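S.K.: Here the structure of chain A is known, so what remains is to put chain B in place on it, guided by the hints.
Chains as they are written, first to last, in our numbering: chain A, 1 to 181; chain B, 1 to 260.
It should be emphasised that the hints constitute simulated quantities derived from the structure, not laboratory data.
Note that this is a predicted model, so its numbers are computed, not measured.
By construction, the Cβ of each residue, glycine as well, lies at the ideal position given by its N, Cα and C atoms.
Derived DEER-like restraints, expressed as beta-carbon distance ranges: (1) Gly-36/B to Pro-31/A: 16 to 26 Å; (2) Gln-64/A to His-24/B: 47 to 57 Å; (3) Ile-39/A to Ile-149/B: 18 to 28 Å.
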Amino acid sequence: MATETTGAVSTCVDSHGSAIGMPQLCFDWFPNQIFWLVITLVVVFLVLSRVALPRIAAILAERQGTITNDLAAAEDLKAKALAAEEAYTKALAEARAEAQRIAGEARAEIQAELNDAIAKADAEIAAKAAESEKAIAEIRAGALESIEAVAKDTAGELVNVLGGQADDATVAGAVEARMKG
Amino acid sequence: MASEAHAADKAAEHAAEGGSLVFHPMDQFIVKPLFGDGAVGMFTITNSTLWMGLAVLAIIGLLVLSTSKRAIVPGRMQSIAELAYGFIYKMVEDICGKDGVKYFPYVMTLFMFIVTANFLGLLPKSFTTTSHFAVTMVLALAVFLTVTILGFVKNGAGFLSLFWVSSAPLALRPILAIIELISYFVRPVSHSIRLAGNVMAGHAVIKVFAGFAAIAAISPVSVLAITAMYGLEVLVAFIQAYVFTILTCVYLKDALHPHH
Numbered sequence: 001m002a003t004e005t006t007g008a009v010s011t012c013v014d015s016h017g018s019a020i021g022m023p024q025l026c027f028d029w030f031p032n033q034i035f036w037l038v039i040t041l042v043v044v045f046l047v048l049s050r051v052a053l054p055r056i057a058a059i060l061a062e063r064q065g066t067i068t069n070d071l072a073a074a075e076d077l078k079a080k081a082l083a084a085e086e087a088y089t090k091a092l093a094e095a096r097a098e099a100q101r102i103a104g105e106a107r108a109e110i111q112a113e114l115n116d117a118i119a120k121a122d123a124e125i126a127a128k129a130a131e132s133e134k135a136i137a138e139i140r141a142g143a144l145e146s147i148e149a150v151a152k153d154t155a156g157e158l159v160n161v162l163g164g165q166a167d168d169a170t171v172a173g174a175v176e177a178r179m180k181g
Numbered sequence: 001m002a003s004e005a006h007a008a009d010k011a012a013e014h015a016a017e018g019g020s021l022v023f024h025p026m027d028q029f030i031v032k033p034l035f036g037d038g039a040v041g042m043f044t045i046t047n048s049t050l051w052m053g054l055a056v057l058a059i060i061g062l063l064v065l066s067t068s069k070r071a072i073v074p075g076r077m078q079s080i081a082e083l084a085y086g087f088i089y090k091m092v093e094d095i096c097g098k099d100g101v102k103y104f105p106y107v108m109t110l111f112m113f114i115v116t117a118n119f120l121g122l123l124p125k126s127f128t129t130t131s132h133f134a135v136t137m138v139l140a141l142a143v144f145l146t147v148t149i150l151g152f153v154k155n156g157a158g159f160l161s162l163f164w165v166s167s168a169p170l171a172l173r174p175i176l177a178i179i180e181l182i183s184y185f186v187r188p189v190s191h192s193i194r195l196a197g198n199v200m201a202g203h204a205v206i207k208v209f210a211g212f213a214a215i216a217a218i219s220p221v222s223v224l225a226i227t228a229m230y231g232l233e234v235l236v237a238f239i240q241a242y243v244f245t246i247l248t249c250v251y252l253k254d255a256l257h258p259h260h
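Just chain A, same shape as in the assembly (with noise of 0.2 Å):
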């Protein structure tokens, strides 16, 4: 063991370099520990106070803020949609409406084109028919007359044929006495 001169020796490390006991309770060590921890706390409270967690509070704020702004963005145009919805059902409802009014419009032009026609065709005819009737009647008129005519002349000729003096007036008297008859 004369090699372990060095000075690594302790009460705490034995001539092998091996603890003696536990390493947690060498009473030797605990100054140097406790500076050095001491050091690194302040370190890293410094660090983290003065650069990391503000850091990281503006991020999580910023984040936030551009998280609320989007949600409101997507309400807005949202609305926006809801709206131009609206207004195209309003338009599409209008739109039925006025073509509703056209449609009942026109229908009711052409009934009154078609009564219009109605009544005048009904007008013509029966002007046509009076016409006709009128004209029927002439006919009828003509016919009995042209009977008389006729009748009144073979009656005439009859009396002659048979040797008899016809007399017009006489002939013509008996005739309508026998038409009316």
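M.R.: Okay, now just chain B, sitting in the frame of chain A:
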């Protein structure tokens, strides 16, 4: 040179022991100077100093460098920083209330130091600063002193109502007051030993299992056990930092609102 001679000496001795099992589970906790072989003075740069410094660098890397882009849509590292921030912030806010939020940087400092030191300690060959009572005791005493001073500054003598359980029957209150007083002063002890004890025990157990690996027949079991233990230690590294922080918050709440 001395250390080489030392190692050779050690090896020779092990050989002399004829390959029997040699456990030195506590050797990993030895504080030694980083440069040279001298004694450990107050300002000596030791392995403990080195790993505390690395913890500081890790914290700076995690919380400062990762957020340097200030991205609205965070990257991986920035997400971790934000998660850590949100985790502790919410803890402080939930436990201490709105008026406790101004102590958030203090709590965050403790949490970040402990959690990074614990995880760095899980690296092979590293030194676990939080496995030492000297370290955890300073942390716990800092919390204890802060809480006590803050309690009296904020509430004056009203802080003593913490020990006077007004919801208990009057006859019981003096007895409860004594118990509360004792438990109050035990706080820094349990607070610090819980953390250092857990971390130390896990690391020591891993070393013991590693010692068994010297026997070929059980070395596979040993490796499996180390793996399992390591997984557990990863959990413990976080949970103990969490427990230390949440207890800090609870104690802070006592200082801010001492009335039961």
